[in-house]
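Asks: So you can see what is in the structure, the chains are spelled out below.
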Amino acid sequence: MELIGQGIVKAIELVFGGDSEVWAITWLSLKISGTATLISLLWGIPLGIALALSRFPGRAIAVALVNTGMGLPPVVVGLFISILFWRSGPVGFLELIYTPSAMIIAQVVIALPIVAGVTMAAFQSLDPNLALQLIGIGASKRQALWLLCKEARLPLLAAVMAGFGAVISEVGASMMVGGNIRGQTRVLTTATVLETGKGNFDAAIALGLILLALCFALNLFLSHVQQRGQLKWPRLS
Amino acid sequence: MAEALLALCDVRVQHGSSTVLRLHFAVHVGEVVVVIGPNGAGKSTLLRVMGLLQRPSSGSVYFHGEQATAKNSLAMRRHMASVFQEPLLLDGTVYDNAALGLKLRGFRRDEIERKLRPWLKRLGIDHLTERRARTLSGGEAQRTSLVRGLVLDPSLLLLDEPFAALDAPTRETLLLDLREILAETGITAVMVTHDLKEAAALGQRIGVLHRGELLQLGPQLEVFRRPVNEAAASIVGMETRIAAVAERTEGQITTMRFNGGSANVTGEFPAGAQVTLCIRPEDIRISRHGDGKSCAKSDIHIKTKIARIAPSIAEYRISLRADCGCLTALVSKPSFDGLSLREGDEALASFSPDAIHGI
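Heads up: the protein sequence lines correspond to chains Z and L, in order.
One rule links them: number in this note's numbering = place in the first sequence (from 1) + 178.
One rule links them: number in this note's numbering = place in the second sequence (from 1) + 365.
The following block holds chain Z by itself, in its conformation from the complex (with noise of 0.2 Å):
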């Protein structure tokens, strides 16, 4: 118990003591998850869209790996990337293993199908009316796909939240594609790992405290973006 007590001072003393290592790793980890993050959206949503609302063969197919890469292990991800962009590998050329670039490439990898399947599950339970209803009263396509996503923006936010959470949580991937270099590719998960293994538990509980509050800290915002004006569901009994 005492270790973690002083865990928490010394983790408190690290964090608003302005040690710039810390406030760099955790910059770092913000762009290159969130730079993922919005790849993944930018990639997931349309995406999960075609999914949704197109009839083709091999949908089902489709809908099953991406449901599949759900689930992805980091560790799987982060193995297949390292093999790609080893330096004799397919494209070893581009010189990126251990670079943020790779770190970014793997975390996309990961959240693309998390946003995918989400933005598709947001979609299939809207009424597939509505979107004939909106034409109807004489939306073209594009503003008809706005409004669709417009109001399907709850399930959207979901999808947000639980790309961000799996690539700013993560540490596999990170680890093996970025190698954890001080300064370079040094993540917050990959630094708590690292100072765990040496027994500097202060240090790794500070990094540990940054990561949950920056967690809740987006989640809380997003939040509020959701829930904003929600109707309240009656007390069930």
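If you're looking for bench data, these hints aren't it; they were derived computationally from the structure.
In the SDA-like style, the derived pairs of lysine to any residue whose C-alpha atoms are separated by at most 20 Å in a straight line are: (1) Z/Lys328 with L/Lys468; (2) Z/Lys319 with L/Ala435; (3) Z/Lys319 with L/Leu439; (4) L/Lys468 with Z/Leu310; (5) Z/Lys410 with L/Ser502; (6) L/Lys486 with L/Ile546; (7) Z/Lys410 with L/Arg496; (8) Z/Lys410 with L/Arg497; (9) L/Lys662 with L/Asp648; (10) L/Lys468 with Z/Leu325; (11) Z/Lys319 with L/Ala433; (12) Z/Lys328 with L/Asp461; (13) L/Lys480 with L/Glu545; (14) L/Lys668 with L/Cys689; (15) L/Lys668 with L/Glu604; (16) L/Lys668 with L/Pro718; (17) Z/Lys376 with Z/Gly386; (18) Z/Lys319 with L/Leu455; (19) Z/Lys319 with L/Lys436; (20) Z/Lys319 with L/Ala440; (21) L/Lys486 with L/Glu476; (22) L/Lys480 with L/Ser520; (23) L/Lys486 with L/Gly504.
For this one, chain Z is given, so just place chain L on it according to the hints.
Replies: Below, chain L without anything else, positioned relative to chain Z:
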């Protein structure tokens, strides 16, 4: 004849190998057409094709004389408005939803307010503008949906069973409101429904849709009184159908013989032709056997047995069994109660020859 506002030419809609819709159809400026048909007749499909929401498998749609294509259909759709059985409103206020069509057309906020306010008042939902659309009752939601369509001042208003999901009193008030609005504005409208009362209340012309084909399209009285065939007769509520044989024609009157009697029916039929005599239920009167006092001489009387008495609020629907088949009569409660007849009793069914339509 007035200019055809919207015309469907040789339109066919296929779902796999089955044909859902196959018809010619034209709507003229200023008229209100109601298409009736049972469930699955293709009513909604018809309205979707007319509203350019669904492309037919073959054939073409003309709006203001111009053929609809993938390119011009958005511009055409913006001169129409569709109202559906279940109004799917977006998560937002009543005002937002009612204004949606105008917003989609790029109107400014003040223009929207100027156009929208009178319609919100006209449909009686002016006090609900700030309410969340999802908290509305069915009738309020349908009123919002009607405002959403009417405020667009459409050349063509398409109504897909807009009252079917509403309770009876709401349905009746809204039906009357819509009738007045259509008369005031002169908006061209096409409504599909399975409800004959709604059709009678709104339709200047009535279409009869059966298995995707338009059996008949004509003035209301014509369609309700003179269906072209048995399927149409059944859809327009001509419940009594008696099998008869034409005997001889004199002038425009043909004498028909049926099991247990004969009747002189308007129309020329070749001698020996098999004819179905159709009678509307409200045209059949019932009296105690042997009374027959209030009947005109030319009336036809058929001896029947009362098979079933189905009470409603103001009338009874009475199923009668006779030698010539089954008859259905709709009689007001007071007049029938006075007869003190019960199921199984003998009764006399009477009707004027003018009430008979032979097909």
